[in-house]
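Letter by letter, the chains look like this.
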Amino acid sequence: MPPPVANVLKSRADADEWRNLINDRPRGLDRRRRITNKVALGAITAAFCLAIAPLVSVLWTVVSAGLNRIDVEFFTQSMRGVIGEGGGALHAIMGTIQITLAAAVISVPVGILAAVYLVEYGRGAFARTLTLLVDVMTGIPSIVAGLFAFALFSLAFGPGVRAGVAGAVALSLLMTPVVIRSAEEMLRLVPTELREASQALGAPKYRTITDVVLPTAASGITAGVMLGISRIVGETAPLLLVAGFTDSMNYNLFSGRMASLPVFIYSQWQNKGVDAAAYDDRAWSAALTLIAFVFVLNLASRMANRFLGAKAR
Amino acid sequence: MAAILAEPGAGVRTAAPSDLTGAGRRKERRTDQLAKWTVLASGAAIVVVLAGVALFLLIQGAPALTAAASELPYQVDFWSLAGPLAFGSVWVSGLALLFATPIAVAVALFISRLAPRSVSRYCGIAVDLLAAVPSVVYGLWGIMVLAPNLAVCYRWLSENMGWFPLFAGTPSATGRTILTAALVLAVMVMPIMASVCREVFAQTPTATSEAALALGATKWETIRLAVLPFGRSGIISGAMLGLGRALGETMAIAMVLSPTPLLVSLQLLNSTNPNTVAAMIAQTFPEANGLQVNALITLGLVLFAITFVVNAFARRLARPKPEA
Amino acid sequence: MRECLAQAMRMITKLSRSGMAVLALGVILSGCAANEAPVVSDSPVATNTNTNTAPALQGTLVGGGASSQTAAQEAWRAGFQTTYSAVTVDYDPTGSGTGRSSFSSGGFAFAGTDDAFSVEEAAGAFAGCSAGTGLVEIPVYISPIAVAFNLPDVPTLNLDPATIAKIFAGKIKSWDDKAIAAANPGVKLPNTAITAVHRSDKSGTTGNFTDYLAETASAEWTWGAVEQWPEKLAGEAADKTQGVREAITSAAGAIGYLDASQAADLGTVAIKVGSDYVQHSAEGAAAAVAASKLETGRAATDIVFDLDRKQTTSKAYPLVLVSYLVACGQYQDANTAELVRTYFEHAVSTAGQQAAANQAGSAPLNSELTSLVSDAISKIK
Chain A
1 MPPPVANVLK
11 SRADADEWRN
21 LINDRPRGLD
31 RRRRITNKVA
41 LGAITAAFCL
51 AIAPLVSVLW
61 TVVSAGLNRI
71 DVEFFTQSMR
81 GVIGEGGGAL
91 HAIMGTIQIT
101 LAAAVISVPV
111 GILAAVYLVE
121 YGRGAFARTL
131 TLLVDVMTGI
141 PSIVAGLFAF
151 ALFSLAFGPG
161 VRAGVAGAVA
171 LSLLMTPVVI
181 RSAEEMLRLV
191 PTELREASQA
201 LGAPKYRTIT
211 DVVLPTAASG
221 ITAGVMLGIS
231 RIVGETAPLL
241 LVAGFTDSMN
251 YNLFSGRMAS
261 LPVFIYSQWQ
271 NKGVDAAAYD
281 DRAWSAALTL
291 IAFVFVLNLA
301 SRMANRFLGA
311 KAR
Chain B
1001 MAAILAEPGA
1011 GVRTAAPSDL
1021 TGAGRRKERR
1031 TDQLAKWTVL
1041 ASGAAIVVVL
1051 AGVALFLLIQ
1061 GAPALTAAAS
1071 ELPYQVDFWS
1081 LAGPLAFGSV
1091 WVSGLALLFA
1101 TPIAVAVALF
1111 ISRLAPRSVS
1121 RYCGIAVDLL
1131 AAVPSVVYGL
1141 WGIMVLAPNL
1151 AVCYRWLSEN
1161 MGWFPLFAGT
1171 PSATGRTILT
1181 AALVLAVMVM
1191 PIMASVCREV
1201 FAQTPTATSE
1211 AALALGATKW
1221 ETIRLAVLPF
1231 GRSGIISGAM
1241 LGLGRALGET
1251 MAIAMVLSPT
1261 PLLVSLQLLN
1271 STNPNTVAAM
1281 IAQTFPEANG
1291 LQVNALITLG
1301 LVLFAITFVV
1311 NAFARRLARP
1321 KPEA
Chain C
2001 MRECLAQAMR
2011 MITKLSRSGM
2021 AVLALGVILS
2031 GCAANEAPVV
2041 SDSPVATNTN
2051 TNTAPALQGT
2061 LVGGGASSQT
2071 AAQEAWRAGF
2081 QTTYSAVTVD
2091 YDPTGSGTGR
2101 SSFSSGGFAF
2111 AGTDDAFSVE
2121 EAAGAFAGCS
2131 AGTGLVEIPV
2141 YISPIAVAFN
2151 LPDVPTLNLD
2161 PATIAKIFAG
2171 KIKSWDDKAI
2181 AAANPGVKLP
2191 NTAITAVHRS
2201 DKSGTTGNFT
2211 DYLAETASAE
2221 WTWGAVEQWP
2231 EKLAGEAADK
2241 TQGVREAITS
2251 AAGAIGYLDA
2261 SQAADLGTVA
2271 IKVGSDYVQH
2281 SAEGAAAAVA
2291 ASKLETGRAA
2301 TDIVFDLDRK
2311 QTTSKAYPLV
2321 LVSYLVACGQ
2331 YQDANTAELV
2341 RTYFEHAVST
2351 AGQQAAANQA
2361 GSAPLNSELT
2371 SLVSDAISKI
2381 K
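Chains as they are written, first to last, in the working numbering: chain A, 1 to 313; chain B, 1001 to 1324; chain C, 2001 to 2381.
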């Protein structure tokens, strides 16, 4: 039921506006209102262009500066043994893939199960507390997540421990609320009729969930997971704190420093050697790779949403 | 977010209840209980982890609160260190919000109301994609492209409007000031706020805007009378979301700003600027040892507390109001 | 039509989901870097002509500390890891203080530091070292610190320590000041404001620069030798050497202090030594160090310089940074000892020092220092 007009009259001024509109009707638009309209719409369009300009500038800079080093060497070599020119970012790319997958392995099951709890089982104080805490988790600054992972690992293994898995733990702290939120939304959209039909056929609750609810929401949940991954792929601060960086490939998440794309970009920018241009080139090319990765994930998430099933609205 | 589901009924496998014997039904009930406990355990895990976060940070950070000044960064006691940094975080985020909110509202209005249908969808996708650009890229852009160009503007501002207290002092020749950092933050935060506002504006009840149009309102008047009042709380909630994100922003500020430790200053154009909590932690953590590490962890807790308050405020505002 | 499209997308997604898994697997399996194959790499600085006769050293060596050594460590690690391809050496530029404390606690197998351990600390206990075996502390990196500026059309300026101190203390605010003009007759100095750039992070470069100012211009520089720039002083703050360089390059009228290797296209200051003005150079730095005495009261393997900033040796450049490598006298783990010893030997070898000079602009150790240092290295067990 749309709210009555009276509900939007928040002030006397608003009421006067509406009254003027009604009274003006026979006379039509006067110049003042037409000009105000043009000016306001023009201002909005100008603001839009002003907003787009820096974003276009960022993309343009990254693409034009990053194309310099997009070559085979960049994607097949690490920085081990490389001084000045040459070398590549393979160790950073592999590190990002490993750390992100590990973070997903931690957050996705926990996130989906928690969302199932909130939607299917949750009643009462515990569910309300959990919702509140998920809200809190959404707002954790990334550097605090990194500090937490550092505190955890230094309590357990002593200070100075740097490992890929610590970075994965910090990132999962950031990814879990995203997964829970989107899974929750998707699960709530499954029509109750489906659940009721399943239960009418005699399926116990867990069967209903695994065979009816989850498959129905699966594509939306996948989209949410991809969104979560695209959020953590670009995080620098936690990895800077706990995963460190290195020049060489590291295939072991549990021991030794592991490079990652965002930290690679930062360290190439920060620790330039004598041939500064070579470091700059690598940094921009890594930035281009990272942005391409994030965009592909985002677009794939949208396509999964769009093409796999009927819109509920 | 559009609600997307697989076709209803996909994957339903019917059970044949008459097939189950008493034992089968008991096994089913046990599995049901097991499922319930698993799911509950996941929820509990999250609570435990968050409690653990707070606890670990408190344990590791507490020694810094009582430490002697000589052990901490810049040789001051903890609160003298945290105060200026907290000011810096709030100041730069506030500035960013000041710039980003009107622009985000304008972008949302443009996409949802002004642009032709065919263009608006792509604009919307573009703005959402730009929300996903990592902050280290914005940092690179800020220091290499924006700061040098802004330095020229700062010189002009200082010469012509130096009487304004915020523009006093010697302008920075490199452009790496808190105003530049605030602008970079505004560019980062705007797409997020714009998508929240877009969603809110899309939910304006059509009856009200159609009523305005029927009464002869111009497009702008429709927006002002029907869309904006309805979306006011949504805009504020989006602004708080942006504020939360800006407060936690680390890398862009660490790369762009030229900080002076312990400084509290409102001047926008100088080389000497207050630093923010997150940037300070990122810059000093790799080289910190001993009690300095504990101090940085406590600083992280202070930041967490600030963002928690902001987010709580946003949640309060976003809670749907009871119908009149 | 829509159903057809939806079905097609479903199939594509299903395929690509498994395809993506295969792709990911392929990437992971093929994620072996081309430059880390166990055969000779194509690194341009390969100093290995005898990989087949190199002993089979293996393991991971983790050290860290002074960030001033980062570029040199890159050069040493590149050469070392090329010769010994089964060894990974990591150097974490955590800063001298953290380097020393991590070495004490056993987190690092070796440390790089701009400030040597004090005599009392050197006699203390170090985890990872066998008790009572002392330290091996050697200077490995000698680098001049340049005072660089950005004035178009002015490639070099003569300045004495007092003027430099006043500039960085904010007392001299403009380039056409009398003090600068007096020392540079005939140079056209513009009326630009001076932007003094300093390091925002704790840094050995700052420590050595302020030490130089404190000793040679004690009346004008009253803040002592500090690694963290005094917060009362105004000026532009930049993070790390490259930050200082970028700040100087992007602002006309800027002046700052940084490692000389990064001052390549910038105008640099010739500082007054005795009665001459001396430009920065690796040879000048080496001469300044050679003219300084070693600290007394230390063990034979603890080689630390007491740099003489006020010296007037001809052509010496006393604004110099000396950085040390620290190792245990005897390690609890024999493999670590061998790795550390071999790595240090590589670092001080002619090839290693030359590689560092190329990469970081440092001054290679002279022959007598090299033999003194090699002696100490050989004692690492």
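Read the hints as simulated data drawn from the structure, not as lab findings.
Glycine residues also receive a C-beta, built at the ideal position from the N, C-alpha and C atoms.
Be careful, since some hints might not be right.
[What the hints assert, rightly or not] Derived list of chain C stretches under chain A, where covered just means 3 residues or more per stretch with a C-beta under 8 Å from a C-beta of chain A: (1) 2071 to 2078; (2) 2081 to 2094; (3) 2141 to 2154; (4) 2254 to 2267; (5) 2359 to 2370.
Quick rundown of the hints versus the structure:
no.: 1; hint: 2071 to 2078; result: holds (count 5)
no.: 2; hint: 2081 to 2094; result: holds (count 6)
no.: 3; hint: 2141 to 2154; result: violated (count 0)
no.: 4; hint: 2254 to 2267; result: holds (count 3)
no.: 5; hint: 2359 to 2370; result: holds (count 3)
Comparing the model with each numbered hint stated earlier shows that hint 3 is the single one that does not hold.
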